[in-house]
Amino acid sequence: MHVILLKFGSNKPAAPQFMQAHNDWVSQGLADGIFQCVGSLDVGGGCILARGEDHDAILRRVNQDPFVENDVVTAEILKVDVNRTSPEWSQLFC
Numbered sequence: 001m002h003v004i005l006l007k008f009g010s011n012k013p014a015a016p017q018f019m020q021a022h023n024d025w026v027s028q029g030l031a032d033g034i035f036q037c038v039g040s041l042d043v044g045g046g047c048i049l050a051r052g053e054d055h056d057a058i059l060r061r062v063n064q065d066p067f068v069e070n071d072v073v074t075a076e077i078l079k080v081d082v083n084r085t086s087p088e089w090s091q092l093f094c
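In the working numbering, the protein residues as written are 1 to 94.
Everything hinted at is true.
Mimicking SDA-like on lysine to any residue, the simulated pairs with C-alpha atoms at most 25 Å apart in a straight line are:
id: 1; residue 1: 7; residue 2: 53
id: 2; residue 1: 79; residue 2: 55
id: 3; residue 1: 79; residue 2: 92
id: 4; residue 1: 79; residue 2: 46
id: 5; residue 1: 7; residue 2: 19
id: 6; residue 1: 12; residue 2: 71
id: 7; residue 1: 7; residue 2: 52
id: 8; residue 1: 79; residue 2: 53
id: 9; residue 1: 12; residue 2: 66
Just so you know, the hints here were simulated from the structure itself, not pulled from any lab data.
Please take these sequences and the hints and turn them into a complete structure.
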């Protein structure tokens, strides 16, 4: 599993210009079954839980985000080796 943190970059004012393309990128990640959960951070920016791809594939996917390409956000990708979950989340990590 990967946790992807999207924190605002130096081109944050351009966010409205790239919002539709970013939302399309998010929708594609969800449709592909890679993104499992997407949301906003209380401090600004966003967070994505992703699974099903190795680190290099996740990095390539994240670098295709129009927000990343245009420095609206910077991405931090954390690899998590999940070894225990609640019963409600167990299907997420099968």
